[in-house]
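Colleague: The residues making up each chain are set out below.
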Amino acid sequence: MNALSSKPKHLLDFQDWSAERLNALLDNADTMMQVLDRPVKKVPALQGLTVCTVFFENSTRTRVSFELAARRMSADVVSFAAGASSVTKGESIRDTIEVLTAYKVDAFVVRHQAAGAAHLVARYSGKPVINAGDGRRAHPTQALLDAYTIRREFGTLEGKTVAIIGDVRHSRVARSNAELLPKLGAKVILCGPATLLPRELAAEGVTLTTDPREAVRNADAVMALRLQQERMDAGYVGSLQDYARVYQVGEDLLAFAPNEAVVLHPGPMNRDVEISSEVADGPRSRILAQVENGQAVRMSTLYHLLVGRA
Amino acid sequence: MNALSSKPKHLLDFQDWSAERLNALLDNADTMMQVLDRPVKKVPALQGLTVCTVFFENSTRTRVSFELAARRMSADVVSFAAGASSVTKGESIRDTIEVLTAYKVDAFVVRHQAAGAAHLVARYSGKPVINAGDGRRAHPTQALLDAYTIRREFGTLEGKTVAIIGDVRHSRVARSNAELLPKLGAKVILCGPATLLPRELAAEGVTLTTDPREAVRNADAVMALRLQQERMDAGYVGSLQDYARVYQVGEDLLAFAPNEAVVLHPGPMNRDVEISSEVADGPRSRILAQVENGQAVRMSTLYHLLVGRA
Amino acid sequence: MNALSSKPKHLLDFQDWSAERLNALLDNADTMMQVLDRPVKKVPALQGLTVCTVFFENSTRTRVSFELAARRMSADVVSFAAGASSVTKGESIRDTIEVLTAYKVDAFVVRHQAAGAAHLVARYSGKPVINAGDGRRAHPTQALLDAYTIRREFGTLEGKTVAIIGDVRHSRVARSNAELLPKLGAKVILCGPATLLPRELAAEGVTLTTDPREAVRNADAVMALRLQQERMDAGYVGSLQDYARVYQVGEDLLAFAPNEAVVLHPGPMNRDVEISSEVADGPRSRILAQVENGQAVRMSTLYHLLVGRA
Chain A
-1 MNALSSKPKH
9 LLDFQDWSAE
19 RLNALLDNAD
29 TMMQVLDRPV
39 KKVPALQGLT
49 VCTVFFENST
59 RTRVSFELAA
69 RRMSADVVSF
79 AAGASSVTKG
89 ESIRDTIEVL
99 TAYKVDAFVV
109 RHQAAGAAHL
119 VARYSGKPVI
129 NAGDGRRAHP
139 TQALLDAYTI
149 RREFGTLEGK
159 TVAIIGDVRH
169 SRVARSNAEL
179 LPKLGAKVIL
189 CGPATLLPRE
199 LAAEGVTLTT
209 DPREAVRNAD
219 AVMALRLQQE
229 RMDAGYVGSL
239 QDYARVYQVG
249 EDLLAFAPNE
259 AVVLHPGPMN
269 RDVEISSEVA
279 DGPRSRILAQ
289 VENGQAVRMS
299 TLYHLLVGRA
Chain B
-1 MNALSSKPKH
9 LLDFQDWSAE
19 RLNALLDNAD
29 TMMQVLDRPV
39 KKVPALQGLT
49 VCTVFFENST
59 RTRVSFELAA
69 RRMSADVVSF
79 AAGASSVTKG
89 ESIRDTIEVL
99 TAYKVDAFVV
109 RHQAAGAAHL
119 VARYSGKPVI
129 NAGDGRRAHP
139 TQALLDAYTI
149 RREFGTLEGK
159 TVAIIGDVRH
169 SRVARSNAEL
179 LPKLGAKVIL
189 CGPATLLPRE
199 LAAEGVTLTT
209 DPREAVRNAD
219 AVMALRLQQE
229 RMDAGYVGSL
239 QDYARVYQVG
249 EDLLAFAPNE
259 AVVLHPGPMN
269 RDVEISSEVA
279 DGPRSRILAQ
289 VENGQAVRMS
299 TLYHLLVGRA
Chain C
-1 MNALSSKPKH
9 LLDFQDWSAE
19 RLNALLDNAD
29 TMMQVLDRPV
39 KKVPALQGLT
49 VCTVFFENST
59 RTRVSFELAA
69 RRMSADVVSF
79 AAGASSVTKG
89 ESIRDTIEVL
99 TAYKVDAFVV
109 RHQAAGAAHL
119 VARYSGKPVI
129 NAGDGRRAHP
139 TQALLDAYTI
149 RREFGTLEGK
159 TVAIIGDVRH
169 SRVARSNAEL
179 LPKLGAKVIL
189 CGPATLLPRE
199 LAAEGVTLTT
209 DPREAVRNAD
219 AVMALRLQQE
229 RMDAGYVGSL
239 QDYARVYQVG
249 EDLLAFAPNE
259 AVVLHPGPMN
269 RDVEISSEVA
279 DGPRSRILAQ
289 VENGQAVRMS
299 TLYHLLVGRA
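Protein chains in written order, with our numbering: chain A, -1 to 308; chain B, -1 to 308; chain C, -1 to 308.
One should not assume that every hint holds.
Copies of the same chain look alike in the list, so a pair counts if it works inside one copy or between any two.
Derived lysine-lysine pairs resembling DSSO-like cross-links, with alpha carbons at most 30 Å apart [what the hints assert, rightly or not]:
(1) K7 <-> K40
(2) K181 <-> K5
(3) K185 <-> K40
(4) K102 <-> K7
(5) K185 <-> K7
(6) K185 <-> K5
(7) K40 <-> K5
(8) K7 <-> K181
Hints in this document: simulated from the structure, not taken from any laboratory.
Owing to the predicted nature of the structure, the values given are computational and were not obtained by experimental measurement.
Starting from the given sequences, assemble the full structure and let the hints guide the process.
Modeller: Given below as structure tokens:
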């Protein structure tokens, strides 16, 4: 079977995506990076097509990243902010999506607070859908940009080890990386306090530990996850200070990691909680590279779903 | 007199619009539908022109429909959300419009909670104005898309009967249809509980009834109007359940209508209040066709006002 | 030294801007006005470049003016409304700007409630930054459009006198004009109640007076500044009525000004507080000309910073 012949219609998670397909998408991101390095960062690839961003949950940052990705390929972008819409008048997600589909947009980028929402949109719209985060379940373009960042650093993901440290329980980023990276030949170590580390995430290529020093020992990349104040209030951690003392990705912890290990963070950062400012701004940090790479990866994803060959 | 020679400058309501002019606009919507059926749904008709949407009242859905209509003809669109603007600092509608006019935009699309607001904008701007809803008074592009949907269904509006059922009192959609459809040769029957059915709407070509079975008996199209929870609180109806039992556009009521009658709804729907889900999603429903047609009608309207010949 | 050879990278205030440079920018605004007078108000000057507006403080009016200026030169515009963003999750201005810079936008337009914020953005981004208002400190494109309006009126700024009347204390517009106009050869008279007239603003070319009749006596232009209700609550003025009786720019006061003096206002106006409606809408008023000119000046500024020759 030729894996590339079964082109997925959507990017909801990585279930329908073969390693070959994923590598093709990341290869194409290299081409997009070349576009972004030109003085005029614009190509006509999606001219005349319209991408609709539908954000039921606010995320200016992610929305802008997708919007720029689409525009740099000359697509039109229309933003449907669900908070300001008839959704607040009790309209169902199905009715909203069917209306937007009837507007004849060509693709959807969806963020929603509930797991599975992007799948619903895919079912109701018939158009390509990119999941830009659904509850704690998945945020596949974030995992793709993490993978791409590591690949650019080391040339390959094959045999690499990625330690993901923090509030794993509430993190769609952790789940998407745990799904993606093993497909591409990397090992994932999920690490956090026991209360924030769901046992069921252990899988082929994914191990769990509550010990951050053990997590980083052989890591090529160390990713810190945002810890929200609310977790303290809900009793998951004693205090942000207690948490930071053990799990903060700082110089103390990185002393236990290989010298060439790089540091990632999906943003926005709580500086000096889950990551020290010293590390965030230091030579190991690839945090701004992630942002840059994210645009190229999103361009590649839109291109792949909208005009790429089967 | 050649009716087509007196081209109206605005679309505020249908007072200045002759049947010939209106039919020309609907004919042109057919051309726009062809554009929307192409893989690349974009023409250069309004290249270099700027359409300004000014929404004093929120309506993401209507705003996006106009925005897409303008962009598909290559216009630039600038959105002025009055809620987030100096209007909240007490600036008058006149000052706001004069400022936007000084920005040299080429047309306005205006939504406002007060009847007559679009007329004010037309007076102060000197630019073509499309009324996208002013209080309970008018929402002419909605009526045009309703007319266009019926015309596509039956080939003509001449001699057709349209039953509009629900909260007629608070509906600009009902008022605009009652103004437009008789001009195009159709009969309108307005139907609802007596408290929601203002007697003064009876006119040439417009009859009123509180009996929904009588309303639908000879109807070619049955339009359900949104019933808002607030109407119950204000005592217009006993309860949503009481209302729905008599006035809901459901299979029970449609059993009294001709077999070929289609069902319309301006959206967003309160499913199982003014319309049953079975009907909304059933074979008679043209609700999503309305949305599609709305974009073509709005393209045609913008084209007509901005570049169409006199 | 050739003043034009040291091209400033940003427009934060006028410190780095020589009179020659400023006059070149205003000359170029004349070319932009010609674009705005054409039926198709669009040129390809900034094709493929992306301008990012970052408004930490809301100002639809100013944002739209910049957005249109950029679009009329074919730039893409991406709007980052800080209120709806991760800034509310506690992200620092530095992290926000570094992320937006990593998106590879080509210039920033920044509004912030704190003095000096635009300088911070310039430091963190490395991209051209236009200050669209930072606290009470500066709003340089507003001063440029005021200067341009006076220049168009009288052919030159050399030897002209501009009276600025009102809440000077809280006004970035007053401060930017006091910095700019003397550079261009004009005299500035700042006028207001003693509580709203900080002594330290007196400088070469800038005089202060609490007497509005004295202020307007030799004025070629009289600018009224917005007086906010809050100033009364804070005890700066007794009441809006008391204030208006003495300082309102109305026919009574203008009787003391030269016949050819014109009236300016940065908007939005509190009609019949700091300015009478009669004057605002009368023959001396250049208030709407300011708005029009503002777009040309902002086009010229963007052009100057993004593609203009050194």
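Colleague: Compare the structure with each hint and give your call.
Modeller: Against the structure, the hints come out as follows:
In this homomeric assembly, K7 and K40 come within 30 Å of each other (Cα to Cα) both inside a single copy, at 25 Å, and across copies, at 24 Å. Proximity of K181 to K5 under the C-alpha cut-off of 30 Å is restricted to the intra-copy arrangement: shortest distance 17 Å within a copy versus 52 Å between copies. Taking CA atoms no more than 30 Å apart as the test, K185 paired with K40 passes in neither setting, with 36 Å inside one copy and 46 Å between copies. Taking identical chains as interchangeable, the C-alpha atoms of K102 and K7 lie at most 30 Å apart whether they share a chain (17 Å) or sit on different chains (29 Å).
For the identical chains of this complex, K185 and K7 are intra-copy neighbours only, at 27 Å inside a copy versus 46 Å across copies, given an alpha-carbon limit of 30 Å. Taking the shortest alpha-carbon separations for K185 and K5, only the intra-copy value of 26 Å comes in at or below 30 Å, while the best inter-copy value is 52 Å. Taking identical chains as interchangeable, the C-alpha atoms of K40 and K5 lie at most 30 Å apart whether they share a chain (26 Å) or sit on different chains (27 Å). For a Cα distance limit of 30 Å, the shortest separation of K7 from K181 inside one copy, 19 Å, qualifies, whereas the shortest one across copies, 47 Å, does not.
Consistency note: the structure conflicts with earlier hint 3 alone.
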